[in-house]
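Novice: Here's the letter readout for the chains.
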Amino acid sequence: MNLTKINYEADEKWADVVPILQQEGENSLAQIAYTDEYSQATSYLRAVMASNEKSERAMELTEHIINMNPAHYTVWLYRADIIKTLSLNPVKELDKLEAISLNHPKNFQVWGYRQSIMSIIPTLPPKELSFLAKVLAKDAKNYHVWAYRQWLVEYFSLWPTSEGKGSELFFIDSLLTNDVRNNSAWNHRYFVLFGRNVESVMPLDIFTQEINYAMAKIDTAPQNASAWNYLKGILRKQKKGAKEVEHFALQYVSLEDESKIRSSHALDLLAEIWAGEASDKACQALDLLSNKYDPVRANYWQYRKSLIKAAQAA
Amino acid sequence: MSQASSAGDKTSGKAPTLNIALHTRYWVRCLKTFLPTGYQEQDSSRLVLAFFILTSLDLLGGLETHTTPAERADYISFIYSCQHPGGGFRSFPGTDFGLQHATTPENARWDPASVAGTYFALGALAILGDDLSRVRRQETLDWIRNLQHPDGSFGDLAAGGKNATVDGGQDVRFCFLAVLVCAIVGEEQSASEAVGKCVDVDRLKQFILDSQTYDGGIARKPNCESHAGSTYCAISVLKLLDLLPTDAIPSLAENTNQVSPTFLQNLLHWLSHRQTTMLYDYRDTDIFDEEDDEEDHTSDTPGFAVINATPALPPSLLAFERMDLYSSDRPITAGLNGRVNKPADTCYSFWAGATLAILGHGNLIDRDANRRYLLDKTQHRIGGFGKFPGVPPDILHSALALACLAIHGEPGLKSVDPVFCVSKEVKARLDKVTWKRRD
Ligand SMILES: [Zn+2]
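Quick mapping for you: the protein sequence lines, in order, are chains A and B. Each residue of the first sequence is one higher than the last, beginning at 1478 in this note's numbering. Each residue of the second sequence is one higher than the last, beginning at 3 in this note's numbering.
Each hint should be verified, as a subset may be incorrect.
[Stated by the list, open to error] Under the rule of at most 20 Å between Cα atoms (straight-line distance), these lysine to any residue pairs were calculated in the SDA-like manner: (1) A/K1716 x B/Q267; (2) B/K34 x A/G1502; (3) A/K1714 x B/S262; (4) A/K1716 x B/D212; (5) A/K1720 x B/T264; (6) A/K1531 x A/P1567; (7) A/K1716 x B/A371; (8) A/K1716 x B/F265; (9) A/K1769 x B/R369; (10) A/K1717 x B/F265; (11) A/K1714 x B/K34; (12) B/K34 x A/I1509; (13) B/K34 x A/P1567; (14) A/K1714 x B/L270; (15) B/K34 x A/K1786; (16) A/K1769 x B/S262; (17) A/K1720 x B/Q267; (18) A/K1615 x B/Y282; (19) A/K1561 x B/F265; (20) A/K1716 x B/L266; (21) A/K1786 x B/L270; (22) A/K1714 x B/D212; (23) A/K1769 x B/A371.
[What the hints assert, rightly or not] Incomplete in silico selection of chain B near chain A, CB under 7 Å: (24) L37; (25) E43; (26) Y77; (27) I78; (28) G171; (29) S192; (30) C226; (31) F265; (32) V342; (33) N343.
FYI, nobody ran anything at the bench for these hints, they're computed from the structure. Note that the coordinates shown come from a computational prediction; the quantities given were computed from them, not determined experimentally. Glycine included, every Cβ here is placed at the ideal spot set by N, Cα and C.
Excised from the complex, chain A in its bound form (with noise of 0.2 Å):
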């Protein structure tokens, strides 16, 4: 159905609706230059909403509303208390808001709402993961999708058992060989392997494996910042320093040999491990990261070289 010019006024099926217009005075503040469709329109949803009225033609006007104000939040949360009350199909809902989504994919409600929708599903409808890639491929960092993603892992108890095709650790995998510094796909690997409530479930060699994960990415890209992150978290979660990844990072770092040095991140974690017991060398280290390597950050290198000062007097 084409929804783009609806004229309500002309319209016999809402002939018994009075609209309520918007009541604003002269000097408002941010007013907007709305189009006459969209200030009939949202008087005509006034008017509904005043009578909490749940019928088709609500449904079509808020999809109205939604194509020209995708951020407009009640008309969102109408849109759903008119599913449950008329009891609508929901999967047949999902299929609907395919193209909104595409054609919005940065807007919050429309992935709030879809949680809403889903919440009323009992199962994970077949087509639900393909069409979450679908999104991630115009935007593989998209916040919104992301957020809604772990939700679902939750909520259907994806975590995986398997690296296996279609479990979320191949996905990400696939999305990591696309794209190694794509941030949002190291989130949800520490995501779907750390926070599930349950930590027994957790096999032993979870952290030996992660590790290796994490150099092995980062060796393909010594520059990239996510997959230093992802180490460092996991040492921190195993909770045994970083000391066991110093014959790592030193691959990347030679402080004989400024020549050999390819990393300011592996700089960064070998100042953090010799922060302790080889102090001289983790100053080193800063200096070199403050004059050379980062100097973008040179502050808060020297805030680093502060500190272990400071620990030094205590």
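Given chain A, put chain B with the ligand in place with the hints provided.
Specialist: The following block gives chain B with the ligand in isolation, referenced to the frame of chain A:
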């Protein structure tokens, strides 16, 4: 880059300057003429837009000179017309059914007050010199209390009353806005006491601590990706609750209630790494997927556009497998990004920069490099600032760029409170509203 779309002066090698008169003209236009139809998608954030227009004009020192007392009185009436009978403010007039249509238990949910509408209304009233005496204080406090969820986070919408349906939640942005509202509306002088009187502070604190991710930044909610906008909201809450240490070098004898030194060190590491020389220029259209261009400037929350997703990086910029080695004779230009491995975006100069300032570590970024990014790269020749170099200005990015410059002491701008995002004069007014107890 072409001279045409930037107001900065780069060719002569002179230090860039902020053209106060030009920016004042931009903001007066936003205040007094209709915003273009493109803003229709931000209709439900009208009071947010209003706040950013007013606070920017105030920071530029132009509010009183460019408006008459009668106009300001009209603006104040408009804001109060958005006040909800059950406490709080709507964030736009569009849900109001009008006087002829009674609110009933059945339709109340379709005309809620919003937590964004409420803070930005209170802030805008204070900027306009109103004494807030017409604010329904007790109803607002009851309404805020009802917004809190059992996990400590806050919803953003409810239609008043202690048992009204709460919509939205699990988002640190709403926590931040709810805390600001409590701090203003509560009668206790200190924010932490006012908030503690109204909501469950322990659970709120836990929600925020649980939202710190493995890389040290803070996410919208637990398990999500760290994000500078969320981090700003989270740290502002901790600041108002007196949970941040005041010493730059953390001492071993911390107040046990405060965040741990580890929390803070991981956070500072992440925040300082938001500064980046990775910029992109929208005029290099060949590196862009056209579809990505359109969505970006839209507000994506009810009333509070923080999370600004950006297009995936073009492949040419992904060839970033090198360290940036700078020669000392070339000044660095570096803005801030909102997430790891994303390019700089004007608004994050504020979200991340202000967070560092709140933590007492505003100098951990290279302020000059950031200033060059704003003034040389994203400042626009018609005034205002764009999201990226070469992008037309919008209200949110223009306001946040000014606020960031004000935090760093830009000449010609009033000094700003980084948490409330209003000038310190206005903040002083908020501290002195009549109901604040003098102890
Ligand atoms: Zn932005």
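Novice: For each hint, tell me whether it holds in the structure or not.
Specialist: Structure-based check of each hint:
Of the supplied pair hints, the one linking A/K1716 and B/Q267 holds, its CA atoms being roughly 16 Å apart against a limit of 20 Å. Restraint check for B/K34 and A/G1502: the C-alpha separation of about 13 Å stays at or below 20 Å, so the hint holds. The straight-line distance between the Cα atoms of A/K1714 and B/S262 is roughly 16 Å, inside the 20 Å bound, and the hint therefore holds. This hinted pair checks out: A/K1716 and B/D212 have alpha carbons roughly 17 Å apart, not beyond 20 Å.
Distance hint between A/K1720 and B/T264 is fulfilled; the C-alpha atoms sit about 17 Å from each other, no more than 20 Å. Proximity of A/K1531 to A/P1567 is assessed by CA-CA distance (about 16 Å); at most 20 Å being required, the pair is judged to hold. Of the supplied pair hints, the one linking A/K1716 and B/A371 is violated, its CA atoms being roughly 37 Å apart against a limit of 20 Å. Note on A/K1716 and B/F265: the hinted pairing holds, with a Cα-Cα distance of about 15 Å set against a maximum of 20 Å.
For the hint pairing A/K1769 with B/R369, the CA-to-CA distance comes to about 18 Å; that is within 20 Å, so the pair holds. A C-alpha spacing of about 17 Å is found between A/K1717 and B/F265, which places the hinted pair at or below 20 Å, so the restraint holds. Only pairs whose Cα atoms come within 20 Å are accepted, and A/K1714 paired with B/K34 is rejected, the gap being roughly 54 Å. Straight-line distance between C-alpha atoms of B/K34 and A/I1509 comes to about 11 Å, which keeps the hinted pair within the 20 Å bound.
About 45 Å separates the Cα atoms of B/K34 and A/P1567, which puts this hinted pair outside 20 Å; it is violated. This hinted pair checks out: A/K1714 and B/L270 have alpha carbons roughly 19 Å apart, not beyond 20 Å. Proximity of B/K34 to A/K1786 is assessed by CA-CA distance (about 56 Å); at most 20 Å being required, the pair is judged violated. Among the hinted pairs, A/K1769 with B/S262 is inconsistent with the structure: their alpha-carbon atoms are about 32 Å apart, more than 20 Å.
Restraint check for A/K1720 and B/Q267: the C-alpha separation of about 18 Å stays at or below 20 Å, so the hint holds. Between A/K1615 and B/Y282 the CA atoms are separated by roughly 18 Å; this keeps the pair inside 20 Å, and the hint holds. Of the pairs offered as hints, the one joining A/K1561 and B/F265 is violated, with about 43 Å between alpha carbons and a cut-off of 20 Å exceeded. With a C-alpha separation of about 18 Å, the suggested pair A/K1716 and B/L266 falls inside the 20 Å cut-off, and the hint holds.
Our distance criterion of 20 Å between C-alpha atoms is met by A/K1786 and B/L270, whose separation comes to about 18 Å. Taking the CA atoms of A/K1714 and B/D212, the gap is near 14 Å; set against the 20 Å cutoff, the hint holds. Proximity of A/K1769 to B/A371 is assessed by CA-CA distance (about 16 Å); at most 20 Å being required, the pair is judged to hold. Hint on B/L37 holds. Least Cβ distance to chain A is approximately 5 Å, under the 7 Å limit.
Against a cut-off of 7 Å between C-beta atoms, the interface hint on B/E43 holds, since the closest Cβ of chain A lies about 5 Å away. Interface restraint check: B/Y77 against chain A, minimum CB-CB distance 6 Å, threshold 7 Å, status holds. For B/I78, the interface hint is violated, since its Cβ never comes within 7 Å of a Cβ in chain A; the closest pair sits about 10 Å apart. With its C-beta approaching chain A no nearer than about 10 Å, B/G171 sits outside the 7 Å limit, and its interface hint is violated.
For B/S192, the interface hint is violated, the least distance from its beta-carbon to any beta-carbon of chain A being 29 Å, above 7 Å. Look at B/C226: its Cβ gets to within about 5 Å of chain A, closer than 7 Å, so that hint holds up. Taking 7 Å as the C-beta cut-off, the interface hint given for B/F265 is violated, the closest approach to chain A being about 12 Å. A hinted interface residue such as B/V342 counts as satisfied when its beta carbon comes closer than 7 Å to some beta carbon of chain A; here the least separation is about 4 Å, so the hint holds.
With 7 Å as the threshold, the beta carbon of B/N343 comes within range of chain A, its nearest partner Cβ sitting at about 4 Å, so the hint holds.
Hint compliance for this structure: hints 7, 11, 13, 15, 16, 19, 27, 28, 29 and 31 are broken, all remaining hints hold.
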